[in-house]
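From the two separate chains plus the hints, produce the assembled complex.
Those sequence lines, one after another, are chains Z and U.
Going by my numbering, the first sequence opens with residue 82, and the numbers climb by one from there.
Going by my numbering, the second sequence opens with residue 4, and the numbers climb by one from there.
Don't read these hints as lab results, they were simulated from the structure.
Fair warning: there could be bad hints in the mix.
Said to hold, decoys possible - Covered by chain Z, according to a simulated footprint, are these stretches of chain U (three or more residues, beta-carbon under 8 Å): (1) 127-138; (2) 324-332; (3) 378-390; (4) 458-465.
To be verified - Label-pair restraints from in silico Cβ distances: (5) U:Gly164 to Z:Gly312: 45 to 55 Å; (6) U:Gly106 to Z:Thr190: 37 to 47 Å; (7) U:Leu446 to Z:Gly275: 45 to 55 Å.
By construction, the Cβ of each residue, glycine as well, lies at the ideal position given by its N, Cα and C atoms.
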Amino acid sequence: MSISMALFSPPISSPHQNSNLIPKISLSLLSTKRLSLVSLTRASSDNGTSTPASATVSATTVEAPKPVAVEEVPVKSPSENGAVGGEETDLTTTTTEIKFQDAKWVNGTWDLKQFEKEGKTDWDSVIVAEAKRRKWLEDNPETTSNDEPVLFDTSIIPWWAWMKRYHLPEAELLNGRAAMVGFFMAYFVDSLTGVGLVDQMGNFFCKTLLFVAVAGVLFIRKNEDLDKLKGLIEETTLYDKQWQAAWKEPESSSSSTVSSKK
Amino acid sequence: MATFALKSFTGLRQSPTDQITFVSNVPSSLSRSQRRTSLKVTASRASPKLANRSLRVAVIGGGPAGGAAAETLAQGGIETILIERKMDNCKPCGGAIPLCMVGEFNLPLDIIDRRVTKMKMISPSNIAVDIGRTLKEHEYIGMVRREVLDQYLRERAEKSGATVINGLFLKMDLPENWDSPYVLHYTEYDGKTGATGQKKTMEVDAVIGADGANSRVAKSIGAGDYDYAIAFQERIRIPDDKMTYYEDLAEMYVGDDVSPDFYGWVFPKCDHVAVGTGTVTHKGDIKKFQLATRNRAKDKILGGKIIRVEAHPIPEHPRPRRLSKRVALVGDAAGYVTKCSGEGIYFAAKSGRMCAEAIVEGSQNGKKMIDESDLRKYLEKWDKTYLPTYRVLDVLQKVFYRSNPAREAFVEMCGDEYVQKMTFDSYLYKRVAPGSPLEDLKLAVNTIGSVFRANALRREIEKLNV
Numbered sequence: 082m083s084i085s086m087a088l089f090s091p092p093i094s095s096p097h098q099n100s101n102l103i104p105k106i107s108l109s110l111l112s113t114k115r116l117s118l119v120s121l122t123r124a125s126s127d128n129g130t131s132t133p134a135s136a137t138v139s140a141t142t143v144e145a146p147k148p149v150a151v152e153e154v155p156v157k158s159p160s161e162n163g164a165v166g167g168e169e170t171d172l173t174t175t176t177t178e179i180k181f182q183d184a185k186w187v188n189g190t191w192d193l194k195q196f197e198k199e200g201k202t203d204w205d206s207v208i209v210a211e212a213k214r215r216k217w218l219e220d221n222p223e224t225t226s227n228d229e230p231v232l233f234d235t236s237i238i239p240w241w242a243w244m245k246r247y248h249l250p251e252a253e254l255l256n257g258r259a260a261m262v263g264f265f266m267a268y269f270v271d272s273l274t275g276v277g278l279v280d281q282m283g284n285f286f287c288k289t290l291l292f293v294a295v296a297g298v299l300f301i302r303k304n305e306d307l308d309k310l311k312g313l314i315e316e317t318t319l320y321d322k323q324w325q326a327a328w329k330e331p332e333s334s335s336s337s338t339v340s341s342k343k
Numbered sequence: 004m005a006t007f008a009l010k011s012f013t014g015l016r017q018s019p020t021d022q023i024t025f026v027s028n029v030p031s032s033l034s035r036s037q038r039r040t041s042l043k044v045t046a047s048r049a050s051p052k053l054a055n056r057s058l059r060v061a062v063i064g065g066g067p068a069g070g071a072a073a074e075t076l077a078q079g080g081i082e083t084i085l086i087e088r089k090m091d092n093c094k095p096c097g098g099a100i101p102l103c104m105v106g107e108f109n110l111p112l113d114i115i116d117r118r119v120t121k122m123k124m125i126s127p128s129n130i131a132v133d134i135g136r137t138l139k140e141h142e143y144i145g146m147v148r149r150e151v152l153d154q155y156l157r158e159r160a161e162k163s164g165a166t167v168i169n170g171l172f173l174k175m176d177l178p179e180n181w182d183s184p185y186v187l188h189y190t191e192y193d194g195k196t197g198a199t200g201q202k203k204t205m206e207v208d209a210v211i212g213a214d215g216a217n218s219r220v221a222k223s224i225g226a227g228d229y230d231y232a233i234a235f236q237e238r239i240r241i242p243d244d245k246m247t248y249y250e251d252l253a254e255m256y257v258g259d260d261v262s263p264d265f266y267g268w269v270f271p272k273c274d275h276v277a278v279g280t281g282t283v284t285h286k287g288d289i290k291k292f293q294l295a296t297r298n299r300a301k302d303k304i305l306g307g308k309i310i311r312v313e314a315h316p317i318p319e320h321p322r323p324r325r326l327s328k329r330v331a332l333v334g335d336a337a338g339y340v341t342k343c344s345g346e347g348i349y350f351a352a353k354s355g356r357m358c359a360e361a362i363v364e365g366s367q368n369g370k371k372m373i374d375e376s377d378l379r380k381y382l383e384k385w386d387k388t389y390l391p392t393y394r395v396l397d398v399l400q401k402v403f404y405r406s407n408p409a410r411e412a413f414v415e416m417c418g419d420e421y422v423q424k425m426t427f428d429s430y431l432y433k434r435v436a437p438g439s440p441l442e443d444l445k446l447a448v449n450t451i452g453s454v455f456r457a458n459a460l461r462r463e464i465e466k467l468n469v
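If we strip away everything but chain U, and leave its shape as in the complex, we get (with noise of 0.2 Å):
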C-alpha cells in the first residue's frame, strides 16, 4: 500500500503543477484490497478548478440514453450538448419499458401507447402458457414508440438547459494533454432536408456515447467489440377484431423454428402489431426464423397487411473497455442489453443517468474538471447494482434457450405461479427479490423435474428417428 502511495506522489512531482491540490483518496485505498475487482485506484489528483467557465460536456446520440443523460448533466450546472443524427428516428425496437421506468423518469402517461398485462409463452409444441395472473392492478408493462419517447426525453434535456443539434457524429480527436480537450468532428444539419450539412468542430471537457449498438464513439476510444444478434421485426396492421386480442397482451414463441438461441415476439404497438424474432449464431437464416414466426402467429394475424420492415442489433454483452479517461459509454454502446429478454431501453436511459450523475458530481455541478476516475464510479455504481441481474438472466438463457427440450421445460416453468411472481417483480421493478426460500426449493425441484422431462421426450424423438 505504502509503495503505491509513493508512487503517486513521485508521478505528481513531475506534472504540471498549476493550482495543484493533491486529494487523497485514503479510504478507497484501503478499500482496494477488500474490492474483488483489481480497480487500481487514483487518487482525483487534480481536479483543477475551471476559470470563468463550466465543464463542458458532449452527448453523443439522443435515444433514451443520450436524453437521460443529457437531462441529468444540464439539470446539475454542465454545459451540456446534445448530438442526434435524426430528430425523427423511430428505432427499431420492441417498445417494452417496465413500470419503474415510469417512476424513476417521470415519465407522463400519454407516452404509452399500451399497457401489457398479459403475456403467453408458446413452446416449440406449441404449448402455451398465460403469464400475468399475478400482476397486480397498477402493474404493467408499458409499451411505447421510441420516436415519441426520445423525443419526449430530449426536449427535457433542452428545458434543462443542453443545447440539442441535429448532426452526424464522425470522429473524435483524443487530447494530447491530460487538461486539453477533446475535438468533436461532426457535421451539423441546419434543417434543410436533403442538405449534406456542415462540417464543424467542436471542443468539450468530457464525453458520453450513447450512439448505440454501431457507436462511433466506441470506435474512437477502441473500446472493442461485442457480439450482437440481430433483431428483425415486421410492423403488421391486422384487422380490428384481430387486434382486440391483442388489446393487453403479448407473445413470446420459443422453438428451433423461430430462432435457435432467442425468441420471436408478436408485441402490440399503438395499432398494428409488431412481429419480429432475433439470432446471434445464424444471423444468415433471419428471413427463415421470420417465416417461421409468422407461421407460428399465422392464425392471430391473418388478413394483416406488412407496413414496415426493419431489423437492428442488439448487443450480447458489454464491450472490453465501456470507458477511457474523459469518454465514457452509455446504452447499448456500452452493450447493456440483458440476455434472454433482450431488455435495452431502461438500462440505456438508467446508465445515462448514472454516467451523468458521476460527472455531476465530480465535477461538483460543473465547477472543476474530471477525470477516469470519476466515470469509473459510475462503471462501479452500475456493475454493483445491475451485475446480479445480468448475471441472473444469463444463466437463464444459457439453461433454457439451448434445445427444445430445454425450451419446453422453460415455458412449463412459467406456468408456475410464483416463477411468474418473481419474474414480474424483478422485471418491472428491477431488483433481484430474494423469495421465500421453501418456494425457491419447490421451484428448482420443478425446474429439474421439468428439464428432466423435456430431455426424456427427446430422447423419445430420437428414438422414433432411428
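Looking at chain Z on its own, in the form it has when it is part of the complex (with noise of 0.2 Å):
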C-alpha cells in the first residue's frame, strides 16, 4: 500500500536489512537523550481473520558502542506499525528496535562487579536497577533472543537485601500503627470498665478485640482495601461452584424419573 511508502522516513533510501543506529549519548541520568536513528517500516498483516496472508516478520538487533557516561538510560523509538495487507511475496523491512541497554547489563545478567561500594556489593543498586530494566520491558516489550538470553535470577540477591529494604520499613509502620490504636483501646476500656491492661489480656473477649485489630492493620490499609478482600473470598469459591452447580439443580429431577416431566 502506498500509506507504507509515506511511512519510510526520510533518510532511507533502500530497504536494505542494515541500519545504524547512531549511538547514544547521555550527559547526566536525567538530562535529554539525543538519538537520531534510521527506521524502516515493517510490514506486517492485520487481516487476521481474512485469506491467510503473507507476511514476514523480520527485524535487526541493534548493539550500540558502549558510551563513556556514566549511565545510559535509553530511549524507545516509536517502531513502525504499518498496517499492511502485504499479499506478494515476502517483503523484507526491518524496523530498529532500541533494545535495553545498561552498561551493567553484561550478557543477560547483572554484573555484580560494577555494583561495588566500599567494597560490598550494594544490593540495592542492583535492585533498582532491576527495576528500571523491568519498568523498560514493560513499555517496550522485546524479543526474545537465543543469542543473547536473559538469565537474571532475583534469588541471587540476599534474602536480608529485600527484607531491609522492603519488609522492615512496612513492618515498622504497621507495628506503629497496630501500637497506636491499641494503646488507645486498651486505655478506652480501662475507662469504661476499670479494668487494667493486665487483667484486660485475660478476658476473651478482650483477646478477640485485639485480634481482631491486629488483622485489622494487616490487611486493611486502604479503604478500597475491603471490598479488594470481599472480591478475593468470592474468587477463591468461584470455581468450585462453578464446578458443583451440576449438582445443584431444583431437584425435581428426583421425580424425573418418575413422572412425564419435559
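Right under this line is the structure:
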C-alpha cells in the first residue's frame, strides 16, 4: 500500500536490512537524550480472519557501542506498525528497536562487580537497576533472542537485602499503627470498665478485640482493601461453585425418572 | 431416609407399570448422607429391557470426545450413530497431548508429529527458564494435527461398529414421556460438495453432546453458559534453520503485553510453528496481544510466512448443567478445559469414554434402557477423578497469572527442579502426585520468596513511575 511508503522516514534510500544506529549519548542520568536513528517500516498483516495473508516478520537488533558516560537510559523510538496487507511475496523490511542497554547489564545478567560500594555489593542499587529494566521492558516489550538470553535470577540478591528494603519499613509502619490503636483501645476500655491492661489480657473478649485489631491493621490499609478482600474471597470459591453447579439442579429431577416431566 | 424411600415407592405406583421391576439402590441411599454433593439418589427404577433391539445412542460431534465415546459405545454393543459436520475439519488447536493419552487410547505413534521434550517459559522481562531436564527418555508431550487425530478416532469408532454420518445437527426434540425417544433434526451431506444437504430426522434413546465449545446439544437441553477465552493462533512457516530450534521445544510467553490472563505460545507443528495467544477478559484486544506475542518471538520466527490464521473459543469452566435426563455433555461442550494450561484434548477424549462406559454399564451392554442416574454416575466418576486436578490448576492460574510480578515469580519457580518434576508428572500422567513433604515445604518457602521479590520489584517500579 502506498501508505506504507509514506511511513518510511526520509533518510532511508533503500529497504535494505542493515540499519545504523548512531550511539546514544547521555549527559547525565536524567538529561535529555539525543538520538537519531534510521527506521524502516515493517510490513505486517493485520487481516486476521480473512484469507491467509503472507507476511514476513523480520527485524534487526541494534547494538550500540558503549559510551563513556555514566549511565545510559535508552530511549524508545516508536517502531512502525504499518498496517499493510502484503499479499505479495516477502516484503523484507526491517524495524530498528532500541533494546534495553545498560553498562552494567552484561550477557543477560547484572554484573555485580559494577555495583560495588566500599568493597561490598550494593544490593539496593541492584534492585533498583532491575526495577528499571523491568519498567523499560513493560513499556517497550522486546523480542527474546537465543543469542542473548536473559539469565538474571532475583534470588541471587540475598534475602536480608530484600528484608531491609521492603519488609522492615513496612513492618515498622504496621507495628506503629497497631501500637497506637492498641494503646488507645486499652485506655478506652480501661476508662469504661476500669479493667486494667493486665486484666484485659486475661479476658476472652478483649483478646478477640486484639486479634481483630491486628488483623485489621495487617489487611486493611486503604478503603479499597475491604472490597478487594471480599472480591478475593468470592474468587477463591467461584470455581468450585461452577463445578458443583451440575449437582445443584432444582431437584425436581428426583421425580424426573418417575413422572413424565419434560 | 425412610420417608424418601417411601416417596419413591408412591411415585412408582403412579407411573406406567409394564414390566417394571423395582431395583432398589439401598447402598447408594446410605452413602448419600456421606457424599458431599447433594445428589438425590434415584433408584434406577425401571430399566426396562428393550425388546428386540439394542439401545440407540447418538453422538453429536466427531472430535476426540465424540470419537472416543462412539468407539466405546460400539464396543459395548450399543447401536451408535456419530454425526460430524465436517470430516476434514482442522480444528484450531494447540495440539498437545499428554503421554498417558497415547497409552490409554492406543494411539499409533505415527499420529504424533513431534515429541516435545523441552519447554521454555519466558517472563515479562524476558527471563527465560528451560523446563524439561527432569523428563525421562521415554517421556514427551505429543504434538498432533487435529485433523489427523480426529479422523483416526472416528475411523476406529466406525471399525468397532458405529455408523458415522456426515451431517450438521440442527436441533433436538425432547421426549414427552420418559420412554419416548429423542428426535434429532439434522442435515445430512451425502458427499456432493457444495450441496446443501438433506434434512433428516432420527430417533434415539440417548444423546452424547460432543460438539464442542458452541454446542447445540447444550443449547437444546438448556445447559447454561460458561465463560470462555478466545484463543487466536497464526500458523507460520519459518525457515529450516529456525525450525531446528523448535525441533522438540515449545515456548510459553507470559506478560501483560501478551495476555492479561493467559499466555502466548509458540508450538511446533509438523512443518511449521503455531504462534498464538488467548484471553478471557480482553477479547477485543486479541489482535494486539497476538502482535505482542509475535514481537516477543520475533528473532526466532524471522523470515516466516503466515500460512493460516485461526481462532476458537475455549471454555473456562463447566456448564451449570452437564446432563439432563438421557443427554450428557462431554469434552468442550461440557467445559472440561483446564485453567492455567488450557488443556482440553485429553479430557475431551477421556470424558467421552467415561460417559460411554457409564451408558454401556447402565444399559447392560445395550439391553436395557438407561436413565439419568446412569449418566450421573459418569459425572460422579469424572468429578471424583479429575476435580483435584482442575482445582490445582485453577489455583495456579489465580495466583500466578494475575499480574506481571506474579508471572515473574511463576517463571522463577519453574526453574526449580522439583517444580518441573511435579508439573510434568501431573501433566503427563494426569495424577496429582504427592511429593515429599520436605520438598513441598521448601517449595512453599521458595514460592513465597519469589512472589515477595517480584512484588517488591513492582513497588520499586511504581516508585520510579512517580
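Right, here's what the structure says about each hint:
no. : hint                             : verdict
1   : 127-138                          : holds (count 5)
2   : 324-332                          : holds (count 4)
3   : 378-390                          : holds (count 3)
4   : 458-465                          : holds (count 5)
5   : U:Gly164 to Z:Gly312: 45 to 55 Å : holds, 52 Å
6   : U:Gly106 to Z:Thr190: 37 to 47 Å : holds, 42 Å
7   : U:Leu446 to Z:Gly275: 45 to 55 Å : holds, 52 Å
Violated hints are absent here; each numbered hint is respected by the structure.
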